[in-house]
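**Student:** Dock chain B against the given chain A, drawing on the hints supplied.
One letter stands for each residue in the lines below.
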Amino acid sequence: MIRKFILSISVALGCLACEESLPKYNTDWIGVQFVLDNSSLNPNEYAYSFIGQDETVTQDTVWFTVRPLGLVPDHSCRIKLEQYEGTEWRFEYGADGGVVDSVLRVIPRQAEPGVHYVPFDDERMAPWLTLEPGEMEARIPVIVLRDETLSDTTYTLFFRIADSEDLYAGVEELCSVELRIADCLSRPSAWNDWFFAGTWSAMRHEFMIEVTGEPWDDEFIGTLTLDDKNYYLYVFNRELKRVNAERAAQGLPPLRDNPDDAATEITFSTVAFF
Amino acid sequence: MKRYTLYGFAALLVGMLLTVACYDKDNTIHPIPDLVIENISGGNIGAGEMLELTPVATMGGSEVECTYQWFIYRDTVATLISEENTLQYRVDTTGTITFNVEATHVETGIQSVLTFYYTVVPRINHGWLILKETADGNTDMDMQLIQGGDTIEFAEDQLSLALGAPMQGRPVSLLWTDGTYKYVNPETGIEEDAQTCLVPVSQKDILMYRVADEKVLATSDELFYEVPDFSTSNIEAFMYQSSLAGLIYDGQVCLLKTRTPTFMPPLLGDYHLAPYLVCWGYANKFVVYDDKNCSFGVIYPSGTFSTTMEIKYFPDTYRDADDLRISPNNMNADMLYFGQTDGSVDPEMQTNNGTLYALMQKRDDAANVWLYGLNNYEMASATYGPIRFAREIPVSRCPEFADADFYTMHQTRNIMYFIKDNVLSYYDIDRDEFVMDVYSFSGEVTYCKFINNTYAYNTASWLGDMYDYRFTYLVVATSSGDEYTVNCFDVVLDNLTLLPEKTITGTGKVRFMSWFAPSFEYSNDVYIYS
Numbered sequence: 000m001i002r003k004f005i006l007s008i009s010v011a012l013g014c015l016a017c018e019e020s021l022p023k024y025n026t027d028w029i030g031v032q033f034v035l036d037n038s039s040l041n042p043n044e045y046a047y048s049f050i051g052q053d054e055t056v057t058q059d060t061v062w063f064t065v066r067p068l069g070l071v072p073d074h075s076c077r078i079k080l081e082q083y084e085g086t087e088w089r090f091e092y093g094a095d096g097g098v099v100d101s102v103l104r105v106i107p108r109q110a111e112p113g114v115h116y117v118p119f120d121d122e123r124m125a126p127w128l129t130l131e132p133g134e135m136e137a138r139i140p141v142i143v144l145r146d147e148t149l150s151d152t153t154y155t156l157f158f159r160i161a162d163s164e165d166l167y168a169g170v171e172e173l174c175s176v177e178l179r180i181a182d183c184l185s186r187p188s189a190w191n192d193w194f195f196a197g198t199w200s201a202m203r204h205e206f207m208i209e210v211t212g213e214p215w216d217d218e219f220i221g222t223l224t225l226d227d228k229n230y231y232l233y234v235f236n237r238e239l240k241r242v243n244a245e246r247a248a249q250g251l252p253p254l255r256d257n258p259d260d261a262a263t264e265i266t267f268s269t270v271a272f273f
Numbered sequence: 000m001k002r003y004t005l006y007g008f009a010a011l012l013v014g015m016l017l018t019v020a021c022y023d024k025d026n027t028i029h030p031i032p033d034l035v036i037e038n039i040s041g042g043n044i045g046a047g048e049m050l051e052l053t054p055v056a057t058m059g060g061s062e063v064e065c066t067y068q069w070f071i072y073r074d075t076v077a078t079l080i081s082e083e084n085t086l087q088y089r090v091d092t093t094g095t096i097t098f099n100v101e102a103t104h105v106e107t108g109i110q111s112v113l114t115f116y117y118t119v120v121p122r123i124n125h126g127w128l129i130l131k132e133t134a135d136g137n138t139d140m141d142m143q144l145i146q147g148g149d150t151i152e153f154a155e156d157q158l159s160l161a162l163g164a165p166m167q168g169r170p171v172s173l174l175w176t177d178g179t180y181k182y183v184n185p186e187t188g189i190e191e192d193a194q195t196c197l198v199p200v201s202q203k204d205i206l207m208y209r210v211a212d213e214k215v216l217a218t219s220d221e222l223f224y225e226v227p228d229f230s231t232s233n234i235e236a237f238m239y240q241s242s243l244a245g246l247i248y249d250g251q252v253c254l255l256k257t258r259t260p261t262f263m264p265p266l267l268g269d270y271h272l273a274p275y276l277v278c279w280g281y282a283n284k285f286v287v288y289d290d291k292n293c294s295f296g297v298i299y300p301s302g303t304f305s306t307t308m309e310i311k312y313f314p315d316t317y318r319d320a321d322d323l324r325i326s327p328n329n330m331n332a333d334m335l336y337f338g339q340t341d342g343s344v345d346p347e348m349q350t351n352n353g354t355l356y357a358l359m360q361k362r363d364d365a366a367n368v369w370l371y372g373l374n375n376y377e378m379a380s381a382t383y384g385p386i387r388f389a390r391e392i393p394v395s396r397c398p399e400f401a402d403a404d405f406y407t408m409h410q411t412r413n414i415m416y417f418i419k420d421n422v423l424s425y426y427d428i429d430r431d432e433f434v435m436d437v438y439s440f441s442g443e444v445t446y447c448k449f450i451n452n453t454y455a456y457n458t459a460s461w462l463g464d465m466y467d468y469r470f471t472y473l474v475v476a477t478s479s480g481d482e483y484t485v486n487c488f489d490v491v492l493d494n495l496t497l498l499p500e501k502t503i504t505g506t507g508k509v510r511f512m513s514w515f516a517p518s519f520e521y522s523n524d525v526y527i528y529s
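Heads up: the sequence lines are chains A and B, in that order.
Numbering of the first sequence is given in numbering that gives the first Met the number 0, commencing with residue 0 and proceeding in unit increments.
Numbering of the second sequence is given in numbering that gives the first Met the number 0, commencing with residue 0 and proceeding in unit increments.
Bound-form chain B, shown alone:
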């Protein structure tokens, strides 16, 4: 009994000791506060710029002394780039960069890690791309770029810088791929899909000039399965939409299916195309005019189950409401100008179908020109004749119109601007009225285009920085001596207002301009350059 009492006493003693050991005299717990890294956040940075970051480490709200290690992730491998308190790192990559900073509290050794991201913003972000003819008849590119706020950078002769010399031949076009070009690295064989590249096109060459690092990824030698003989032929037209790119050389048309690296050989058939690839809206189709067969046709993008191998010509069948019933075939006419506008020409289909206007001259009638309006709606299937408007215009009414140096369509109205001998005039199609001598330019006019930039804006904060660079300009470039001047006219209804503050000057002769924007809206609106 005595023995059990002893055991009981010992057990009670142990229990009491445990209780006392666990008892917090202040009845509170004092955890060590978390180490927090502050004053660091992700964001955007320009390509090649220096990133400077100085973190602040706190514990329980008080700043504490720490040592730092900075890492950058390349794929899944972390590389130590600095052990300084302040990170200084020059951005040498493109895309999004993942950083890690590890802070170690000097006193306790407690560590904290923060991951943050920077998106590298290319230098080419917003602004004018200018394709120009050099003094020796070749092609170079100037850029007037917006670099943060209102800072404007003017960069000359960018193709010479990239290639060592201008592109051969006169300028043709300058568009961009908007993340739809698949580059196959010839050294590694690795596919780099969804590249955004500028696509400068001259008569003799075409390039993929990557926006992110301004590196030339491919030239015509790499961009064709069967490289055309450009020594005996010229590239005459180029158009790029999100699912289809087309290039006309020597009357033949080659297609590049987007997210593929190479142009297919010319479409089959006995044809010769006029140098126009006209589209409207988010169509991913081109309307063309075959001046060998004198017929309008449509080029469709290759689909999942078939590859486009031929032009589809419109048939000689007509909708019931089509009173004109004009055949789109055997028109016996040459194309003077082929462009598009958002306005509708078809009373039966007024809803935003767009119209393609073709100014033509019959081969057996030099005294008149014909203006045809094609309803874009018929592009979808090309099962009916598309011509819904036709007007015979005697050349004598306006000889300048029949023989103009430049034509361009107003983007939202049925107005066709034209320039003859440096004098700007326009034809109001709805009123059947010529308005002459709107503006006279000094020097030689080298380019004229109505550019309705409806796409370069972002009003959604979740998409990044907000901006609004939209405009509606008639752009006319002139050349005098070695210099060019780009004149921008603000267009409100019929009124043109020259904007001197928007004037751009440089060296050479401007032959093509486009307003670069990285936004996805571009792919919907690229048709304005067709």
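Chain A on its own, in the form it takes in the complex:
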């Protein structure tokens, strides 16, 4: 009888022994990352232009949204931003279309701290680069400066979230941003290679703004439905015809993306596909 009792106890203990002992949650890790527009084809790209702003405006703010990862912070945590050098691969193609060479080059005209934007370690930035206790989302600024060099050239600021004493950088692709800063017409980030109005040029962009009275910036482009895009293509074609007729009457060539290149005459399709 005792042997049966011991056997039963052993089986019961054996069952209990199989219970998994899970490790405790890692409460030490708190991260932060950007909230980017996942519907965009280039969610990491942003653009800002001073064009249209009063001449007295010498600086402006571009806001970005961040949110914590891991646990919600229980104290005020510093967010650390840092500029990094933007690079890109350039490929050379052979006669058969295959890649024969590739070069990693530094993207030219990158923004300079203190010239094109307020440095991230500037004391003016410090109050904004924090994640307060319990905050699930915060907006952090990049203060862009209206330097003369922006009047005819777009400068690009590549920056990212770095590890700070309080917060780790989150998912890598959600921690870096490319911000194009200009005081002239600049390609909005929503104007990608598949944009319905064709390949970007300052002349084309300016024409679109002029004939519609709309800013054609990221915010405006983001509001357009497919029907709206088809309407605007209609308007562009109508107005291009009118403008080119007026230019012809003045002995001028048709509008071109590059005024010096006859092969870049501006045209628009009549249908937007998406």
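These are calculated hints, taken from the structure and not from any lab test.
Think of the CB as a built atom: it goes at the ideal place given N, C-alpha and C, for glycine as much as any other residue.
Warning: the hint list may mix true and false statements.
Claimed, not checked - Between beta-carbon pairs, the in silico distance windows are:
#1 A/Glu81 x B/Gly188: 32 to 42 angstroms
#2 A/Thr198 x B/Lys311: 26 to 36 angstroms
#3 A/Val34 x B/Gly188: 19 to 29 angstroms
#4 B/Phe153 x A/Ser39: 54 to 64 angstroms
#5 A/Arg255 x B/Arg324: 56 to 66 angstroms
#6 A/Asn191 x B/Asp315: 40 to 50 angstroms
#7 B/Gly42 x A/Thr198: 37 to 47 angstroms
#8 A/Thr222 x B/Lys311: 29 to 39 angstroms
#9 B/Ser380 x A/Thr222: 31 to 41 angstroms
#10 B/Asp429 x A/Lys240: 57 to 67 angstroms
#11 A/Arg255 x B/Asp402: 51 to 61 angstroms
#12 B/Gly188 x A/Glu91: 44 to 54 angstroms
#13 B/Leu492 x A/Lys240: 46 to 56 angstroms
**Tutor:** Frame of chain A; chain B shown alone:
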């Protein structure tokens, strides 16, 4: 050994007990019968009507007592609407409604669920739509609707009811979208595609009046990207086909691609159109006459890869078999009437191509009118001149024909009816013969149209209720005092027979009529209103 015998005996005993326990003494199984909900089925119900349903629950063929819970599904969320044995529910939505009834057997607690569907049938289902001019020269709408069997409902001044006042300006047209209008709710931004809307058009306004709930979805302020200045111009013509709608105002034409919410700006070019958008069959193309350039052209719907931005004019090139070789351009003529018929005018292409007849007068010849027949076949690509028939008709032969108040084409024969000073006559094109004074009307004739309703029928039970409302009428509306009278003539060959039982009366002056039908056949036959 004795011990093993004991174990063996115990095992045998347990086995026997199990066997006995499982043994059914009657050797039969008595399952509890299913709970079945009967006397409930789906169907159709009119918008706003009360739905009354009393279920019967049975178990094994015997009626049993149950409690009920009735649910209605909105999207995927079930909402409890009643716990009574009899459901009484007033239909307050459109489209198809999904119901669930849960029955619980009082004695056993056994439950059963039944899902059933009701399709909400709008009040506007079949019948006449009448666009009329009010006493102050604006636009309102009457409807004579068939409401189940032979019950007829006459509803007056429906636009005033919906808008609070008639539409501004005189009536122009009244067609419907047949499930091809995309409505964008301005409050939510949500697109509601495939809406069937009546489209009343006056000189100053155009509406989308949803058939399902008779709600005005959009007015001209919402229907144009660039709202025309209707204070200085008038809408003159409107036509709607399944892939293309066109509207002429002040000689300019705007297109609405179906399944889009908004008219595009006017087509480009230096033109001024006569107020006709003529089509034939399931063409989704309009033939127009530009009375500035005196040329015929075609308007095509926008395609997948291009948007229509200009009128395509017919060229001065001709098919080999075209002996006439009449240029469709620089005709130096004004359009008196432009309509269509199913008959063919082209000996080379007799097969059901349809003909567009244009009655015109040369600007330098007041003594004659010209009747041109355009082969609809050439609409497809507009690569050849379309004129295959031409006849010069001296005005002196029939002054009333050259100066009629109304014209309309017979839909299947080459006969053109016309009314001058309240007298109906017709011109038989094949015989080159005028038949005068066919009928004289009292009062003022305000509308005349040959309406060949070939589409309002359903002979397939799987498509729902069967019906057949087809007719071939010459419809003539007259006005006397404040009242109108719609006269329907049955047309058999050359014979017109007035049908007094089809007469409709009301207040105002009738300017446009169409027979509404929800069937898809309509989109094939809407051209009869062009």
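**Student:** Which hint numbers doesn't this structure obey?
**Tutor:** Hints 5, 7 and 10 not satisfied by this model.
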